[in-house]
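Full structure from sequences and hints, please.
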Amino acid sequence: MTGKAQQDARYLAAARTHGAMIERLARGYEADPELRRDLVQEIHAALWRSFAIFEGQCSEKSWVHRIAHNVGVTHMMTGRRRNKLPLVGLDQIAELPDGDDPEHATGERSLSNRLLAAIHRLQPADRQVMLLYLEDLTAAEIGEVTGLSASAVAVRIHRLKALLAEPYSAEEKRA
Amino acid sequence: MNQDPAKQAWQASVEIGAALPIEEVRKGADKLYRGVRVRNALEYAACAAIVAFYAPKVFTLDSIVLRVAAGLSVVGALFIAWQLHRRATADRPGVAGTVPIMQFVRAQLVRQRDALGGMLWWYLLPLAPGMILSWLGTVLERQPDGLASWAGALLALSIMLAIFAGVWWLNQLSSRKLQKHIDEIDALIGGD
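Those protein sequences? They're chains F and W, same order as listed.
Counted the way numbering that gives the first Met the number 0 counts, the first sequence spans residues 0 to 174.
Counted the way numbering that gives the first Met the number 0 counts, the second sequence spans residues 0 to 191.
Hint data in this document are derived by calculation from the structure and do not stem from the laboratory.
Do not rely on the hints blindly, as some may be mistaken.
Now the stretches of chain W that chain F is said to cover, found in silico as 3 or more residues with beta-carbon under 8 Å [what the hints assert, rightly or not]:
1) 12 to 21
2) 102 to 113
Below, a list of computed lysine to any residue pairs in the SDA-like style, where the Cα atoms sit at most 20 Å apart [claimed, not checked]:
3) W:K6 x F:T137
4) W:K179 x F:A51
5) W:K6 x F:V154
6) W:K26 x F:K60
7) F:K160 x F:D135
8) F:K60 x F:D7
9) F:K60 x F:R15
10) W:K26 x W:I15
11) W:K26 x F:R36
We put the beta carbon where it would ideally sit given N, CA and C, even for glycine.
Listed below in structure tokens is the structure:
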């Protein structure tokens, strides 16, 4: 197999495995549907290009997450997002905000909308940790992907767990 | 399957994501750097315009001072073009996978900070000798005799210096903001 063909094959396999994650991650970095489509394409393009030099430097999962988040963060930094609200840290969000359409969202849909609304308010480092946590990466994997120190990851996961437990503790209080 | 309801809800929000057609992906990979290429092309074009404007004046102007000023402007523009070429090396996303996200972001910020922070040396000062000498040559040629014409000449010099100072100050502000972000990342990577 030639280098290019191998690159294509590696990209296709990774995109099939991680395609849904890429779509979710793009939702976390860009609220506007049209810009989000561009962001997804950018991530796929960067991923394809990256497989020209991937030689198992880390696990494929970490590699794909790094590429996708690096493109996502660059997208944020270049100011293409329309939401100009100031970004905050996890410690500044006391409860999950309401999603875009709380009237029509129920159950899982409602929760995912509220998660997304919280993600869109977060600064890059906290946003990365929350997205990776929701993708079910372990603390060690989150550290490997982000480069954050173990204690910085631990603090953020602790805050995240408290934030995610909030809807249930609120329900318990009401009951 | 994960039992955490938040993780479940998040992962169920989008469960399908396909690979894009290879041709589309390849085209997208080229498009990624189009912005950088366009910006560099504009900056090279600006340098070329300065060279094209001043180079003939080196041989055609009567005043020796203005000829030297034109020559210095050409040298300054060529120096800036060389610096742009040296500095215009955008990180390739392929490289992005080899380093963790925060290190990648930090490297990008450091590059931007250094480019902005050092702008005085590689962007402003190379143009200054030619511009100041050009002002001096014009003053010598016109030989202002009244207070009003001296005031006009000094006003022109002041405006030129104010623009230089303003550009430098704005770049320093941006550079300091970037440094703040870099410090925040260092704190996150380092261990708080």
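Taking the hints in turn, this is what the structure says about them:
no.	hint	in the structure
1	12 to 21	holds (count 9)
2	102 to 113	holds (count 4)
3	W:K6 x F:T137	holds (12 Å)
4	W:K179 x F:A51	violated (34 Å)
5	W:K6 x F:V154	holds (19 Å)
6	W:K26 x F:K60	violated (24 Å)
7	F:K160 x F:D135	holds (13 Å)
8	F:K60 x F:D7	holds (17 Å)
9	F:K60 x F:R15	holds (12 Å)
10	W:K26 x W:I15	violated (23 Å)
11	W:K26 x F:R36	holds (15 Å)
This entry does not satisfy hints 4, 6 and 10, going by the numbered hints stated previously.
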